[in-house]
Amino acid sequence: MSAKQEARKPKKERHSAGRVIKNVWYMFGYTFKYTPGYIWVTLVEAVGRAIYHIIGVLFLKYLFDAVENGVEFLTILWYIIAFAAYNALFELFNKWMLEVYLPRADLALHEGMQNELYEKARSLDQSCYDDPTFYNDFIWAIREADSRTARMQVDLSLFLNRIISTFAIFGVLMTMDWIVAVALLVLVTAGVLINLLLNKINYWQSLEMNPINRKLSYIGRIFYLPDHAKELRQREIAAHLRRQYAETTEEKIDCAMRYAKRTFGIALLSHLLSNVLPYSGVTAYLIVRYILDPALSLGDFSASMTATLKLFWMINDMGTYLTKFNEHSLYVEKVRTFLEYEPKITGEERGLEELRSLRLCNVSFSYPFAKDGERVLKGIDLEIRQGEKIAFVGYNGAGKTTLIKLLMRLYDPSEGQILYNGEDIRSYEPNAYRKHIGAVFQDYKVFAATVAENVMGGDYSDADRETVIEALRAASFADKLASIPAGLDAQLTREFSKDGVGLSGGESQKIAIARAFAHPYELIIMDEPSSALDPIAEYELNQSILQNAAEKTVIFISHRLSTTRMADRIYMFDGGQIVECGSHDELIARNGKYAEMWRVQAKNYRGCES
Amino acid sequence: MAKDEKKKIDWKRTWKNNCYMLGFIWRSAPGVLILTFVSTLLSAVESFLSGTYLLFYAINALQEQRPLTEILITLGCIFGYVLFTSIFTLIVDYYRQLHNPRVEAYIQGLFQKKAVEVELACFERSDFYDTYVRATGEASGRAFTVLNNFADVIWVVVYVVSSSALIASIDPLFLVLALIPLLVTVIVGKRRNRLQYEYRVRRREINRQKDYVQRTFYLTDFSKEMRLTEMWRVMFRRLHSSVRDLKETVRKYGYKMMFFRYLFDIIFCVIVYCGSMILATFKTLVIKDMLVGDCFAVINSITSIAGNLRYVGDVFFKLDENSLYIDDLRSFLEYEIKIPEIEDAPPAPVPETLTLSHLGFTYEGQNTPALYNVSLTVRKGERIAIVGHNGAGKSTLIKLLMRLYDPSEGEILLNGENVKTYRLSSYRALFGCVFQDYRLFATSVAENVLLRGVREDDRARVQDALERSGVAQKVATLSHGMDTAVTKEFDEEGAVFSGGEAQKISIARIFAGEQEIILMDEPTSALDPIAEQEMYRNMFAACEGRTVIFISHRLSAATVADRVYLFEHGRIVEEGTHTELLAQNGKYTDMWHKQADNYTEEVTA
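For the record, the sequence lines run as chains A and B. Take 985 as the starting number for the first sequence in my numbering and just add one per residue. Take 2 as the starting number for the second sequence in my numbering and just add one per residue.
Just so you know, these hints were derived from the structure itself, not from any lab. We put the CB at the ideal spot given by N, CA and C, even for glycine. Careful: at least some of the hints might be erroneous.
Partial chain B-side listing against chain A, Cβ under 7 angstroms, derived [claimed, not checked]:
| id | residue |
| --- | --- |
| 1 | V134 |
| 2 | S224 |
| 3 | D290 |
| 4 | M291 |
| 5 | G411 |
| 6 | R453 |
| 7 | V455 |
| 8 | I531 |
| 9 | K595 |
Beyond 12 angstroms from chain A on every Cβ pair, some chain B residues (computed) [as the list claims (entries may be wrong)]:
| id | residue |
| --- | --- |
| 10 | F38 |
| 11 | I79 |
| 12 | K115 |
| 13 | I188 |
| 14 | F317 |
| 15 | S358 |
| 16 | I413 |
| 17 | N416 |
| 18 | R424 |
| 19 | G454 |
| 20 | D458 |
| 21 | A473 |
| 22 | T485 |
| 23 | E535 |
The task is simple: from the sequences and hints, build the whole structure.
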C-alpha cells in the first residue's frame, strides 16, 4: 500500500566482545581490499592526535613553571613556536584527511562494496523478498554497508587515540597528583556505569515510544502526502484522525512522565558523579590545594587542571564507543548474512536448445513464508508446444500469476517438475534459461532510464535502433513515441529531471510489452497485458501482439475473456488447480465454470443488443 | 531551503518571523519558553564564573594575599551556584521532554487543519506542494530550533560580554586577538558558505542518482525486472558514472574546503592561542605589567572566548535561515483558501437536480482545457454512466462535482442554486465517492469503511456494507474481524489486502454511508468479472432512490444506466440511453462493438 518500502531499524541486541571483534575484523577485509591506505592514514592521525593531547598538557606545565621561575623570554618563545609548528602541521594533515583523502577513499569503498552487494542482490532468490526479516536486513545491508565500514574505521582510529591519550595523560596526572587521578577515574567510571543503567531504561522507553511516534508521524504524513488528499476531504475522517493525533500525543506525554519519574533520580546521580564532581569538584580541590600547598608550582597546577579536563571528557567519550561498536557489529552481521547467502535457484551453465515444448508435471507450490503453508498451486499438469497460443483464465487469487513466476524460475516448485524440451529446468543456469522467455508482469516497472534502455531491458546501442522502434510499434506505442521530442533517447520518469517523460499507466504497460518484442524470445508470457487500457486500446493492442508474435509461443493471462478467445487452448484455474482445459468452443460446450464466467461477462453485452 | 544567492538579510523580518514561531511555543507550553530562557541565563553565568572568572580570581587573590577565609567563601559560593545551576538545568531538560510534544501537537494541529481546508490543487501543483505543503508538514520540530537559537543568543551575549570585559580589563590587546576569528568569519565566511552550498548541491544531485540505483536493487517493485532483464547493466553503469562524478567533485572542491577549514584552525590554535601565550609571557616577564594569575587565566580562557565570539555570527545566520523557512510556513498557514468553508452559508438542501452549465476547466499550467463546455442535468435517483477514453476528462468531472476544484468557466447548480452558495462541508457531505486511486488508512477496517470513529451501534452497518461489497468473508478471517488494523504499519497482525480486496473495502464506504449522490470512478478495475457483476448488482440495490454517477471503461456496466455520456477530449460527444446511443451508430457504437463482438457472435450457452 505504501509507495516506498521503509525498512524498520534493526532490533538492538548486545554482542559479546569476541563477536564484535570478529565482525570488525570481517569489515577490515573490505577496507583492505578497496582502500588499503585508509587504515594507515587514520592510524597516523590517531597517533598524531594523541601526541597533540599529551604535548598540550606537558607544554602548559613547562610554560607556567617557566613564567613563575622567570625563565628568559626568548627561550620560552622558541618553545611556543615549536608548539605552534606541531599544531599547524598536525592540523594540516587532519584537514587534508577529512576534506580530501577520506571523501575519495569513501567513494572507492562505496563503489567497490556496492558493486559486490548489487551483484549479490541480483543473484538473490525472489523468495528472499518474501521473508520479511531477511528482506529488512537486506535493505539495511545494502544501504549501510560501505558507510558503516567507513564510520567504523574512523571510530576505531578515534578509539585508539582515546586509549593512547588516556593512558598517557593518566600517567602524567599520576606523577603530579595521584589523588586527583584516582578520584577522577573512580568517579567517571561510576558515572559511566550508572549511565549504562540509564541507557537501559531509556532503551525500554524508546521501545514503548516507538509505536507512539510511528503513529504520530503516520498521521502527520497522511495530511501532507498528496495520496490521501482526496479521501481526507470526505466525511469526518480528517477530524477523526486529528483526534487520534491529539490522543496519541497525550499517550506520549504519559509515557514520558512515567519514565521521567523512574529516571530522574538516577540521571541526577549520574550527572553529579560524571559531571559536577569530577569537573567542578576536582577544580575546587586543585585550587584549594594550590592555595594551601606552597610546594605546588603554577605549572603543576595548570597541567593538572588541563589534564583533568581532558581526561574527564576522554573517559566519558570512551563509554560511547562501546555502544557504537556494538551497533556497528549489529550491522556488519546483516551485511555478512546477506553476502554469505547462497542462492537456492541455481543450475549448470550449459547451452539451451530452442524451445520445442514446455511441460509441467504435477507441479505444486506454496510460498516459503506464507503463514499457514497454504498451497497456491496444486498438482498442475500441462504441456505447451512451440507456436501455441495459450490462455490462463480464472478468478483473482487462482494461482495464475504464481504459475508464471514458476515458469520464469523466480521460484522453484515445491513438488513436481517443469520440463523444458523434456529436461528439468532446474538443471539449467537460471539466467541462461530466462533468456529464452520474455515476460510482462502485471506489476511491471519502468526504470528512470531512456526509452530505448527500457525497451532493450538493458544496454542500448545505435545498432539496436530498428529493433527498438519495431518493438514499440508492435506494442502500439508508435503514436506516443512520435509525440516525444527526444524520441528513443528521452529519459523516462521525472526522477532526475523535470524534463523527464511521465507516462500514464497504459503507456508504461506498453513499454513493458515492447520489452518482450525487443529480444528474440521463443516464449512470451503476458500477465494481464491490457489491464490499464481502455477497451479500444485493449482491442488494438491484443490484435497487434498476436500479429507480431504469430511465430512465437505465447501465454496470456487475462480477466477479459474476449481476449482469451483467440487462444489455441484455454486453461481455467480455480483454487490453484486446473479445472477445465480446451479451446473456447469446447469449454463453452462443456458448460462448466468457464462457460459460467463467460456468460456473466457476455450477459450485459448480449442482453441489450438491439 | 537555503536560497542560491543570499539576498541582503532583512533583520526586521527575521526577527518577526522567529518571534512568530516562539508565539506557537508560548501559546502551547509557556513554561517551556520561560524555563528554557531562565536556565540558559543561569548556565551562561555559570560558564563565565567557573570557566573564566574562577581561575582568574583564585590565583590573583592568592598573590595579593587576600584572607584565606574570603577566598574559600568565594570559592564555596561559586561552587554552590554551579551545583544549583546544573541541577536546575537537568530539571528543565525533564520539563521540556514532557511538554515538547504539546508544542509539536499544537503546530501539527494548525498544519493539519489548514491542509484539509486548502483546495486539492495545492497538492497537485508541484511547485506549491514542494515548497509549502511538504516542507511545512514535515517539520513541526522547527519551533525548537528557533527556541534553541534564541537561547544561544542569550547565552552568547551574557557569556561573551562578561568574558570579553574581563580580558579587556587585563589588556584590550587580548580582546583584539580574541576577535580575529570573528573578523575572519565575517570577511571570508560568505565565500566559504557559498562554496559549501555549491558543494552540497552538487553532491546531492549526484547522490540522488546513486540512491536511485540502490533502490532498484533492493525494492521488491524492481526485483522481477532485475532478474529477468539486463537493466542491471544500465544501473551499474550509472553507479560507476555517479562515483566518477563525485570523485571529480571532491577533486574540485576538496582542496578549497580544506583551505578554509585549515585557515580557521590555524587562526585558533596558532594565532589566537599561541599569540596570546607570547603576548602574555612577554607582558609578564619582559614588561612586567601583568600578574602571573592574569597570564594564567588569559591563556586558559582565550580560545573559548574567541570561539564563542565567532559563534555570535553563526547564531544570527541561523536565525536568518529559520526565517526563510518560517516564511514558507506562514505563507501556507496564511494562504487564502480558494474554496472556503463559509460558516454562515446555508447548508446544502436535499438534492433534487444537479446541473452542470457550460462547465469548463483548465488545470493550472496547462494550455488545453481538461473540460470544455460541459452541460448536463442529473435528477434525483438517476443512474448516470460516464464513458470515454483515458484522459477524456472523466475524473476531472468527478473532482469538480465534489468541489475539490471550482470550475474555470460555467457553474454547477444544485436545485437551481450555484453550489458555491452552500456551506462547503454540508455540500460535500451529500456525496459518497470511490476514487480510482482510492486509499486505505492504517486504522481499523471499520473506521476505513465509516471514514470516522466507530460507535457501538455502527457494527451492524459496517458488517452489512462489507457483505454487500463482497469482502465480509475475508474480514471475518482477520484476527480481530472488522476491528483489525489495516496494513502492518502499527500492528504485526494488521490486515494486508490484495488490490481487489482493498478496492472492495473502499466500495463498502458507499454502502455504509447514507449520502444522496454516489460517485464512482472506475470502481471495479481490480475486480474479476464475477465480483464486478455482483458489486454492480449490490450497488444498484443498495442505492435504490439515490443518485449514482459512475465512470467505467467496461461498457457492459453502462447498459443499465438511465443515461450515458460519452466524453472525448473534455467534451460530451454523445449522450442518451444505451439503446439510443447504439441506434445513433456513432463513436459509442464503435466502442461497444469492439468490446462486445467477442461475446455476442456466439449464443451457445
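Hints versus structure:
Look at B:V134: its Cβ gets to within about 5 angstroms of chain A, closer than 7 angstroms, so that hint holds up. Using the Cβ-Cβ criterion of 7 angstroms, the hint placing B:S224 at the interface with chain A is satisfied: the shortest such distance is roughly 5 angstroms. With its C-beta approaching chain A no nearer than about 14 angstroms, B:D290 sits outside the 7 angstroms limit, and its interface hint is violated. Hint status for B:M291: violated, given a least beta-carbon distance of 10 angstroms to chain A, over 7 angstroms.
Violation of the interface hint for B:G411 is found here, the shortest Cβ-Cβ separation to chain A being roughly 22 angstroms, above the 7 angstroms cut-off. The beta carbon of B:R453 is positioned within 7 angstroms of a beta carbon in chain A (closest approach about 4 angstroms), and the interface hint is therefore held. For the restraint placing B:V455 at the interface with chain A, the shortest Cβ-Cβ distance is roughly 9 angstroms, beyond the 7 angstroms limit, so the hint is violated. The interface hint given for B:I531 holds, since its Cβ lies 6 angstroms from the closest Cβ of chain A, which is under the 7 angstroms cut-off.
Hint status for B:K595 relative to chain A: holds, with the closest Cβ pair at about 4 angstroms, below 7 angstroms. Every CB of chain A is more than 12 angstroms from the CB of B:F38 (nearest about 21 angstroms), matching its label as outside the interface. A beta-carbon of chain A comes within 12 angstroms of the beta-carbon of B:I79; the shortest separation is about 9 angstroms. The non-interface label for B:K115 is inconsistent with chain A: the shortest C-beta to C-beta separation is roughly 9 angstroms, within 12 angstroms.
Here B:I188 stays apart from chain A, with its beta-carbon at least about 20 angstroms from theirs, past the 12 angstroms limit. No beta-carbon of chain A comes within 12 angstroms of the beta-carbon of B:F317; the shortest separation is about 26 angstroms. Non-interface call for B:S358 relative to chain A: holds, since the shortest CB-CB distance, roughly 24 angstroms, exceeds 12 angstroms. Look at B:I413: its CB is around 16 angstroms from the nearest CB on chain A, clear of 12 angstroms, so calling it non-interface holds up.
B:N416, annotated as away from the interface, keeps every beta carbon of chain A farther than 12 angstroms; the closest lies near 22 angstroms. Even its closest Cβ contact with chain A, about 14 angstroms, leaves B:R424 beyond 12 angstroms, as expected for a residue assigned away from the interface. Non-interface status of B:G454 relative to chain A is broken: a Cβ of that chain comes within 12 angstroms, the nearest being about 5 angstroms off. In this structure B:D458 is separated from chain A by more than 12 angstroms, as the shortest Cβ-Cβ distance comes to about 16 angstroms.
The claim that B:A473 is not at the interface with chain A holds, since no C-beta of that chain comes within 12 angstroms of its own (minimum 16 angstroms). Here B:T485 stays apart from chain A, with its beta-carbon at least about 14 angstroms from theirs, past the 12 angstroms limit. Listed as outside the interface, B:E535 is inconsistent with that label: its C-beta sits roughly 9 angstroms from the nearest C-beta of chain A, within the 12 angstroms cut-off.
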